Structure formats: C-alpha cells, structure tokens
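Novice: Chains as they are written, first to last, in our numbering: chain A, 1 to 273; chain B, 1001 to 1322.
Keep in mind that the hints were calculated from the coordinates and are not lab data.
Nothing here was measured: the structure is a model prediction, and the numbers come from that model.
A couple of the hints might just be wrong.
For lysine-lysine, the following BS3-like pairs were computed, each having C-alpha atoms within a straight-line distance of at most 27 Å [what the hints assert, rightly or not]:
#1 B:K1148 to B:K1189
#2 A:K183 to A:K108
#3 B:K1189 to A:K183
#4 A:K183 to B:K1148
Counterexamples of contact, computed for chain A against chain B with all Cβ distances above 10 Å [what the hints assert, rightly or not]:
#5 L111
#6 N115
#7 L246
#8 I265
C-beta atoms are modelled at their ideal positions from N, C-alpha and C, and glycine is treated no differently.
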Amino acid sequence: MTAGAPVAARRGLLVGLTSHPSFRFLEHDLLVFRRGWHSYILSGLSQPFLYLLSMGIGLGYYVNRNGGVPGGVPYLNYIAPALLVTQAMMAASAESAWPLMNKIAWDKTYLAALNTPLGATNLLAGDLMWIAFRAVLISVLFFAVILLFGAVSSPLAILAIPIALLTAISFAAPIMAFTATQKTDQPFNMLFRFGITPLFLFSGTFFPIDNLPLFVRPLAWFTPLYHGVSLARSFSLGQVDPVADLIHVAVLCGFVAAGLVAARITFRRRLEV
Amino acid sequence: MPDSLSSQDYVIHARGLTKRFGAFAAVDGVDFDVAAGEAFGFLGPNGAGKTSTMRMIGTVSPVTAGTLTVFGLDPAHHGAQIRSRLGVVPQADTLDNELSVLENLLIYGRYFGLPWREARRRAGELLDFVQLTERSGDQVEPLSGGMKRRLVIARALINEPSLLLLDEPTTGLDPQARHLLWDRLYRLKQRGVTLCLTTHYMDEAEQLCDRLVVMDKAKIVAEGSPRQLIERYVTREVLELRFNREAGAGEATGEGVNLDSQLEGLADRIEHLPDRLLVYTADGDATAAAAFERGLRPASILVRRSSLEDVFLRLTGRSLVE
C-alpha cells in the first residue's frame, strides 16, 4: 500500500477521538483562548523570567554563599523545577475558581451549552482538558526559560512538564468540585489566601520542608503540591528515588481521582436540577 | 394503550407532569399536548410554573412525576437526542461575552456537532435573518437588549430545530424590539417550526399563539385559543370607568357597592381594581350611555375589546402583571 494509508488511518483515529462531545466544550475554551493567546504567551514567559532572576539568581547568590541547599546544587537549579510545578498549579487553581463561576453563574455559558446535546459531564471533561492545556502551555514556556538560564542538571528534567500537568489537575479537579457547590465567589479569596498561597510558600518550593517545625511537616505531606514539587525536583536534579517517587505519583493520582469523582457529582447536582 | 399511541402524534405530550423542589410543587400535575407546526403558549404570572415546565420539556430538568414525551421520546433516557432537535431561547440571554457575535453562533453549532464549514454557512444566514450581519465581528456586551435577544434566537436556530422553546422571549424589550422579534417568530412558524413559549404578556400570547394554557399556582386553569378563552370567560367588550376620589374620602369597597347597585343590570360582571372599575358587557358604548343616564359621572371612560388579561383576572381574581 501507499505511505498515505497509515497517515489517513491515524487522522481517522484522531477525528474519531475528538468527535466525543466533551471536545466541543474544549473548543469553546480554545476559541476564547485564541482571542487573547498573546497575553498568555507573554505572561507565560515573563513570570518564570522574573522568578528565576530574582529568587534563583538574586536570592540564590546569598544562599549558595552560605552553605547552599542540601545536595550542594545551585539554588537556581533547586527552585526552578519547583517553581515550574507551582506556576502550573496556581494557574489551574485560579482557572477552576472564577472562570468556572462565570460559566456557571454569571455569563451562564454552561447553561447555554446544556441546551445542546452536551451534558454536565461533557462540560466538566471539556474544561478539565482546557485546564490541562493551560498547565502544559505554562510548563513548556517555563521549561524554555529554565533552559535559557541553564538551570537543569539532568535530561530527565523535562519530566517536570507531565508532573506539573498531574499536579495542576490534582488541584483543578477538587477545586472545580468545590466551585460547583458555591453561589458566590466570596469563598475563593479565602481559599487562595489561606490555602493556595501558603501551599505555594511552604510546600518545599523555596526550602526543604525539613526546615519546617516538626508539627507542621505532616501538613505538607497531605498536600499534592509537596509531592509534585518533590517529584519534579528529583528528576530535574537527577536524584531519582524510585520508591519515594512512586509514592509521590500515587498521592497525586489519588487527589486527581477523588477530585474527579467529587466534581462529577457536584456538577450534576448543580446543573441538572 | 391509546395514550402512548397518541403521544406519538404530538411533538410534546404531558400527562400529570409534576416538578417538585423538596416539598414545593413548581408544576403540579399538568396535562397538555402540542401538535407539530403549532404555536403553543403558557400564559401566567411569575412563579406560575411556566419556566419549570419549559425546562422539563428542554430535558435540562428531570421530571419528578407524571409522563412527558418530546418527539415521542422520554427525556430521562433520550435527553441528548431530544436536545439535538430543539432550539431553546432561555429567559436569561446566556450569551458568551468573551466571544464575538459570530463566534457565539459558531461554537453553538459545534456543540450540535456541525462541521465548522456548515456552522459558518448557517451562522451567516441566521445573522441575516435576525438583522445582525453588520455586528458579526463585534463583542456581545455593547449590543442592545433587543439585539441580544435576536442573537439568542439565531443561536437557537443553528441546528435547524423542528421545535423552538422560548421562555419569555420579549420580557424587558421596548415595543419596537418586541415587534421585530414577533415578526421573526411568525416567519419561523410559517416555515413549519413548532413554537412553544411562555409569556406574562397577553398581547404576546394573542399575537403569537394558536393555542395556549393559562397557568396559575403550578396548575393549568384554562386551555384554548385566545379567541375561545375570551369568548368562554369574558364578554366581548370591557368598559373601564375611573372615578375621582377625594383623598381619604370614599373607602373603595363602600363606594364599590354603591356603584355596583347603580350599574345593576347593565353588566355581565364587574371587577374592582384599585384605580378603576372593569364592566364586562357585550356593547361597551351602550353600557356607558346607560350608566350616564343613571347619573354616573366617571372621570374617564374607556371602551375596549376584552383581552387575555381579562380572562386571567376572571380565572384567578388577580391581574397578570403586578
């Protein structure tokens, strides 16, 4: 046969896969994205640049001069993979809060879509795919800047991108489940002030959690961010510990699974009344 | 099973249809059928159960009890299949403010599984139909209320539905915008689209509906064509009388009784509204003249044809729009 046949078959498979109704709502989000894609790219490049410059190089200068972080790696290399994961997590969390509320309660984009063959679960799946897309976009741009700074110690560092994706969804799914139960956006400020921001600061992004007082350390173990950060860092620094890494992956998958189950329930309860 | 046979003949078939939210019955055992090509209306005040009924027909709200079929299908099991043939104009516009006018239509076509090319073709035609072609590339937010409403109607037509559900399509629009909208709906009806709408405007029901049910407190209280309902429940004409009252003097009911006795024998029925008296009679002018002869001196006299508003007043003792 000609070489064209497998290509056509592959295209057929892709069309078959993307003909699922959930992809229709992903298309909605991508259509919105298309209108402002440059700002996503711009902030996706400037954020890592600013972080790596100020903390990695600026603050890192003093850290490295005063004994450095455990393992003797430059501070820039230490925080770079962690910041990548954190940025994807922050964006996914925010996207699961206000924009989702807009679709449910303000612009009611969801209610319009529910009058078509799409159902609540298609909307959930479509939006999760959009958030996954955003997380990957942020991670890829972040990784590009890390390369620019020369802050990788192992080729495995690229695995930070799928790890960031997994971590992003482990936050997005439960937050989406929560958002679907809310009448206003009031609780989101609390969630970010007392939940997301402290996690960002204390989940081992900037310093090992061993530096935390003993009684708060277990808190970090129960947050998905700590596991995502540890995982990305272990690959980035080439310090792979199969057992510990498997546990990290398992915890993240646990959060994703629990979040998906909860979101499916709260979405249907909110939208099919 | 003659009932299930007949349900196939109707686009919508409901028996004992009920929607409860906890202990509260929003729709309480209503029966109605809508035939293909018909313009069918639910007339009633806010909270009568019209929207809940529409949402059940639209398969976005599960039926609590009773039977409902749409296109002969059960919404509980064939929701997506029913919705693929429905056009829905919800009470809230639910337009996407992050997208342009055209994109709102395109993505909606995609939700129905249309190829992009086909969605683009239909969107062009529909923008023309609702006179929004010039606004195609604009954002949605700056559009006027009437334009947004027309865009929502265009959006509801992207899948070429055979049944169009409209929940209070002209609420909040100015008279000009309403007439333009009515004209478009009338054209759709002529093309054979079945229309099912709710309204609390009697002029809208009279303009658009072949047949309607009057809903009040979750139940259907009357059913028929606008003409039939007027003939059945009220007289041909209404004489509206307004009297000047000194502030504080002449308590309404006392004076009402007095007026009632003065109008004795001249009217089929008299309704007392806070600001005026409605005298139901076959010949308004004759009744006005007779009342004048009996010495009544109202501040203003108006003779008009009876409307569905009068039907509603007769059936429920309350006016439609408070």
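Novice: Determine for every hint whether it applies to the structure shown.
Specialist: Now the hints, each set against the structure:
In summary, the hint linking K1148 (chain B) to K1189 (chain B) is supported, as the alpha carbons are separated by about 21 Å, within the 27 Å threshold. Only pairs whose Cα atoms come within 27 Å are accepted, and K183 (chain A) paired with K108 (chain A) is accepted, the gap being roughly 13 Å. Among the hinted pairs, K1189 (chain B) with K183 (chain A) is inconsistent with the structure: their alpha-carbon atoms are about 39 Å apart, more than 27 Å. At most 27 Å may separate the alpha-carbon atoms for a hinted pair to count; K183 (chain A) and K1148 (chain B) meet this at roughly 25 Å.
For L111 (chain A), the condition that its CB be more than 10 Å from all CB atoms of chain B is violated, with the nearest at approximately 5 Å. Once the 10 Å rule is applied to beta carbons, N115 (chain A) is inconsistent with being away from chain B; the minimum gap is 4 Å. At roughly 40 Å, the least C-beta separation between L246 (chain A) and chain B is larger than 10 Å, which holds for a residue marked as non-interface. At roughly 15 Å, the least C-beta separation between I265 (chain A) and chain B is larger than 10 Å, which holds for a residue marked as non-interface.
This entry does not satisfy hints 3, 5 and 6, going by the numbered hints stated previously.
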